[in-house]
Amino acid sequence: MIRRFGLFLIRYLDGFLLTVLCATMLLGLFVLYSASAQNFDRVINQFISIVVALAIMWAVANLPPQHLMRFAWPAYVAGLLLLVSVALFGEVSHGARRWLHIGVTRIQPSELMKVAVPLMLAWYFEKRERSMKLSDFAVAAVLLLVPVALIAKQPDLGTALLIAASGFYVLFLAGIGWKVITALTAVAAALAPVAWSLLHDYQQQRILTLLDPSQDPLGAGYHTIQSTIALGSGGLIGKGWLQGTQAHLDFLPERHTDFIFAVYGEEFGLFGILVLLLLYLLIVARGLYIAANAPSLFGRLVAGSITLTFGTYAFVNMGMVSGILPVVGVPLPLISFGGTSMVTLLLGFGVVMSVATHRRLVKQ
Amino acid sequence: MTRGTELRNHQRELYYFRVRLTVAGSLALFLFLLLLSRFVYVQIVQHDHYMTLAEQNRISIVPILPNRGLILDRNGAVLAHNYTAFTLEMTPSKLDNLEQTINDLAALIEITPKDRKRFKKLLEESHNFESLPIRTRLNDVEIARFAANRYRFPGVEIKARLFRHYPLGQIASHMVGYIGRINDADLDRLEASGDLANYRGSDHIGKAGLEQSYEKELHGTTGFEQVETDAGGRAVRTLSRTPPTSGNNLTLHADLKLQQVAEQAFGNFRGALVAIEPKTGGVLAYLSKPGFDTNLFVDGIDPQNWDLLNNSPDKPMVNRAMHGQYPPGSTFKPFMALAGLELNKRTPSYGINDPGFYSLPGSSHRYRDWKAGGHGFVDLHKSLVISCDTYYYGLAVDLGIDNIFNFISHFGFGKKTGIDIEGERTGLLPSVEWKLKRFKQKWYVGDTVSVGIGQGYNLATPLQLAVATATIANSGTQMRPLLVRQIENSKTNVITPRPAETISILPIKPENMVLVRNALVDVTRPGGTAARASAGAPYAMAGKTGTAQVVGMKQGEKYVESRVAERHRDHALFIAYAPADDPKIAIAVLVENGGHGGSTAAPIARAVFDYYLLGKLPVRPVTDAADESEHD
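Residue numbers (the working numbering), protein chains in the order written: chain B, 2 to 365; chain E, 85 to 716.
Just so you know, these hints were derived from the structure itself, not from any lab.
We put the beta carbon where it would ideally sit given N, CA and C, even for glycine.
One or more of the hints may lead you astray.
Some chain B residues judged to face chain E by a derived CB distance under 10 Å, without partners named [claimed, not checked]: (1) K240; (2) L271; (3) G324.
Distance windows between CB atoms, simulated [said to hold, decoys possible]: (4) B:T183 with E:E97: 41 to 49 Å; (5) E:D268 with B:F31: 47 to 55 Å; (6) E:T106 with B:Q244: 40 to 48 Å; (7) E:L117 with B:V188: 24 to 32 Å; (8) B:F31 with E:K198: 56 to 64 Å; (9) E:T168 with B:A24: 57 to 65 Å; (10) B:E130 with E:L117: 30 to 38 Å.
Using the sequences and the hints given, assemble the complete structure.
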C-alpha cells in the first residue's frame with residue numbers, strides 16, 4: 002500500500018531534475034535567511050511557496066502531454082484577455098501597470114504568459130507538423146509578438162524580452178530557417194534606434210547606466226555599483242554566511258528579491274557561485290536531454306523552450322547583478338523571494354517532467 | 085507516402101532538432117562561461133579594489149568635538165564657558181516641505197516667530213545638507229514630546245550639543261568677543277591654513293575678540309570614532325575611538341571686578357577705557373561702552389536683534405577702544421613736551437607770555453588758547469599743569485612736522501600697538517608724506533600748529549593712548565599690550581605664561597622724563613586740570629586731561645556746551661597712571677560727548693585706580709556730578 006502510494010507520488014516525476022531543483026531551492030532558503038536580515042518568517046513564507054509550487058508541478062507532471070496540449074490555446078487566450086484587462090483596468094504599482102485585482106487577490110497575467118506562450122507555440126507547430134511552411138512561422142511570430150507587445154507596454158521590458166525569448170526558442174527549435182534568423186537579426190539591428198526612442202526614460206537610463214554606472218552613483222547606477230562591490234568584496238571564498246557587510250548594512254537594494262545573487266556572491270564567494278552555476282547547468286542539461294528524447298514535436302519544443310528560458314532567466318539576473326546587463330526586474334530563478342515566480346518556474350518544470358515521464362506510455 | 089518515408093522524415097526531423105538543441109545548449113554554456121569570467125574578474129582580479137570600497141561603505145569616521153577652552157580672568161572668574169544642551173535640528177535637504185515641517189513641529193514644541201526668523205537667516209547662510217538648529221535649549225518635556233513623535237519627522241533630530249556661554253554678556257563683550265557659525269569665508273581660511281580637517285563636525289568658530297584671535301588655542305583637537313554604518317548612515321557599532329583634546333584655557337591679565345567697576349563708573353556715557361600694567365603690558369581692563377550681549381551670536385543672531393544692534397545710534401558693535409579713532413586733544417601734550425626737551429627746542433626754564441592766542445609770524449590768523457586772555461607766564465611745567473594751548477602751538481612750529489612725526493611715532497601713535505586681538509586701527513599721526521598722498525597737497529606750517537595740541541589731522545585710539553601713557557609710566561620702556569596672561573594646556577594642565585614683550589626702549593634722558601612726570605603729577609594736584617578727580621586719594625596720581633572736538637568751531641565762534649546738541653559735544657579724554665612714583669596701572673579713558681576730560685573722564689580713572697590699588701568700590705556712578713568749574 003505504502004509502496005503503491007510512493008509510486009503514485011513519484012511515478013511521473015523526473016528524479017534527477019527534482020533532486021537538483023530541490024537542492025537549489027534549499028540553498029535558496031539559506032541565502033534568503035541571510036538576505037532578509039534573518040527574518041525567519043520570510044523563509045517560512047518562501048518554504049510554503051515552494052511546497053505549493055511543488056504540488057502544482059506534481060499535478061502538471063501527472064498530466065500527459067496530449068492533455069497539456071489541450072490547455073495550450075485556452076490558457077493563451079485567457080492570458081491575452083487578462084493582459085488586455087490589465088491595460089484597461091490594471092493597478093499601478095511602482096509606475097507600471099502590471100497587476101490585476103481578482104476578488105481577494107491580485108495576479109500578474111504576464112507570469113501566466115511565461116508558460117502559456119511556449120505551450121501555445123509548441124501546440125501550433127505540433128498541429129502543423131506535417132506541412133510546415135514559412136507562413137506558419139509568420140503566424141507563430143504574430144502569436145508571440147501580441148502578448149510581448151502588451152507586456153512591454155505595461156511597461157515590463159524584462160518580462161517582455163524573456164517571453165519573446167521563450168517564443169523565439171520554440172521557433173528556433175521548430176526549425177525556422179537560418180536565413181530567416183539572419184534576416185530578422187538584421188532587421189532588429191536596423192530597428193534598434195527606433196526601439197530606443199520608444200523606450201521609457203528610465204529604461205534608457207538603465208542602459209546608459211550600464212555603460213557607465215559611476216555616471217549616476219546615487220540614482221540609477223546605485224544598484225549596480227553596490228551589487229558589484231558586494232560580489233567583488235566577497236572574493237574567492239566569501240565573507241561567510243550572514244557576514245556580508247554590503248547586505249547586512251543595507252547597502253544592497255532589493256537584496257532578498259532581484260539582487261539576492263549579490264548577497265550570495267558576497268557571503269559565499271566565487272566557490273559558492275561555481276556551485277550555483279553548476280546546479281543551474283545541471284538543470285539546463287537535464288531539461289535539454291529530456292527535450293532531445295521527447296517522443297512528440299510538442300514535447301520537444303515545449304521542454305526545450307522552457308529549459309532554455311530558465312537558463313536565460315538565470316543568465317540575465319546574474320548578468321544584471323554583476324553589472325554586464327542592464328537592470329531589468331528579473332528574479333534569480335529558484336532563489337529570489339517571491340511565490341509567483343516560484344510557481345511559474347515549477348509549473349514549467351512540471352510540463353518538462355510530463356514530457357519526460359509520459360514518453361514510455363506513448364510508445365506503448 | 086509510405087510509413088517508411090514518414091519514419092525517415094521523422095528521423096531527419098529529430099536529427100535537425102537535436103542539432104538545434106545542441107547549438108542552443110552550447111550558447112547557454114558559453115553565456116554561463118562568460119558570466120564566470122566576469123565573476124573571476126570581479127571576485128579575484130578586482131577583489132582588493134572592491135574590498136576597499138566595501139570597507140569605505142561600511143566604515144565612516146565620525147568626528148567627536150572637543151570642548152572649547154575656557155576664558156578666565158586673572159582671578160579665575162569665568163568669562164566664557166560651555167554647557168551641554170539639547171537642540172532640535174533639521175537638515176533641509178532631507179525635507180520635502182520645510183515650512184510644513186516647521187509648522188508641524190510647532191504643534192509639539194514652542195517655536196517662536198523669532199526662532200523662525202533666526203532659522204531662515206541661518207538657512208540663507210548655510211548649505212542645504214547641514215543640520216541647522218530650529219530650537220535650542222530644549223527642556224525635558226519638549227524632548228520627550230518630540231521623541232514620542234519622532235517617526236513623523238524624518239530629517240529632524242534632537243542633538244546634544246555644547247553651547248558657548250558668556251556669563252557676563254555685555255561687560256567684556258569687546259574683549260572676549262564671541263563665536264558664531266562657520267561660514268564660507270571661514271571655510272576658505274581654514275582650508276588655506278590646513279586646519280579644515282580639525283574642524284570636521286565643528287559648527288562654530290571664533291568671530292571676534294579673544295575668541296577669534298586665540299581660536300587655535302581654544303578650539304582643541306577633534307577626536308574621531310570609526311563607526312560601522314549602514315546605508316542609511318546610522319551607526320551600528322564603534323570600531324575604534326580617538327578621544328578629542330579639549331581646547332586650552334586662557335587666563336587674562338584682566339580683572340573682571342575692575343572691568344565691572346570701570347563699566348559702572350561710565351554710568352550712561354559711551355566711550356572706552358583701557359588699563360594697562362606698565363611693567364608687563366598686561367591689559368587690566370578693556371572696555372568699550374556700550375557693549376552687547378555676545379550670547380546672541382552663538383547660534384546665529386535673529387534679524388530683529390541684529391537690526392537693533394546695527395542701527396542703534398550708540399553703535400554698541402563698534403569696539404571703540406581699538407577701532408574708534410579720536411583726536412587725542414591735550415593728552416597729546418606730554419609727548420610734545422618730551423619732544424621739545426629731547427630735541428633741544430625747549431628747556432625747562434624757557435617760558436612764554438601767553439596772550440591767549442598764537443599767531444604765525446606775518447599772519448593775523450589767531451590760534452586761540454582755551455582760556456581767553458591767556459595764562460600769563462607759562463613754562464614747560466605749567467604748560468602741562470594748566471594745559472596751555474599757546475605754548476604748544478609755538479612748540480609745534482619750532483619742532484616742525486617732521487620732528488614731531490619722527491619722535492612721537494616712537495610712542496606708538498599712527499601704528500598698531502600689537503594687542504593680541506584683531507581689528508585694531510592705526511589712528512593717524514600726520515606727516516608731510518601722508519598729506520601729499522591723502523590730499524595731494526603740500527604741508528603748510530598752519531597744519532603743524534594744531535597738531536601741537538592733538539587736534540588737526542591727529543587721530544588716536546584709546547588703546548594707543550593707554551600704551552603711550554604706560555610707556556611714560558614705565559620711564560620709556562614700551563611693552564606690547566597683551567590680554568592673555570597664560571595658557572593652560574587642557575591635556576597636561578601645564579601652564580605656559582605668555583611672556584611680556586618689550587616693543588622698544590625709548591632713549592629719553594631720565595631728567596627729561598622726570599620733568600614731564602612731575603608735571604603730570606601736578607595736573608592732579610590743586611591748580612591742575614584734574615585736581616578734583618584726585619582729591620583725597622591716598623596715592624599720588626599722574627595724568628593729563630584732554631578734549632577732542634566733535635564739531636569744528638568757526639574762527640571767533642565760542643563753544644558753549646549747553647547750546648550744543650548732546651551728540652555734538654566734545655569727547656572727554658583722560659590719560660593717567662598711579663601710583664606716580666611706582667606706577668602699577670596706566671589708563672586711557674575716553675568719554676564720548678563727555679565734555680571735559682577733568683570732569684567726566686578723570687573720575688572714571690580715579691574709580692578704577694581706587695579699586696585696583698585700594699580695593700575700594702565706588703559708591704555711585706562717578707560722572708553724574710560733572711560740573712563746569714574746571715576746564716581742559
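Okay, the hints, checked on the actual structure:
At about 9 Å, the closest approach between the beta carbon of K240 of chain B and any beta carbon in chain E falls short of 10 Å, and the interface hint on this residue holds. The restraint placing L271 of chain B at the interface with chain E holds, with a minimum CB-CB distance near 5 Å, inside the 10 Å limit. Given hint, G324 of chain B at the interface with chain E, holds; its Cβ is 8 Å from that chain's nearest Cβ, closer than 10 Å. Checked against the hint of 41 to 49 Å, the pair T183 of chain B and E97 of chain E fails, with Cβ atoms roughly 22 Å apart.
Against the hinted window of 47 to 55 Å, the Cβ-Cβ separation of D268 of chain E and F31 of chain B comes to about 53 Å, which satisfies the hint. Between T106 of chain E and Q244 of chain B the beta carbon distance is about 42 Å. The supplied range of 40 to 48 Å therefore holds. For L117 of chain E and V188 of chain B, the hinted distance range of 24 to 32 Å is satisfied, since their beta carbons lie about 29 Å from each other. A hinted range of 56 to 64 Å for the beta carbons of F31 of chain B and K198 of chain E is consistent with their spacing of about 59 Å.
The given range of 57 to 65 Å is respected by T168 of chain E and A24 of chain B, whose C-beta atoms sit roughly 59 Å from each other. With their beta carbons about 35 Å apart, E130 of chain B and L117 of chain E fall inside the hinted range of 30 to 38 Å.
Checked against the numbered hints given earlier, the structure breaks only hint 4 and satisfies all the rest.
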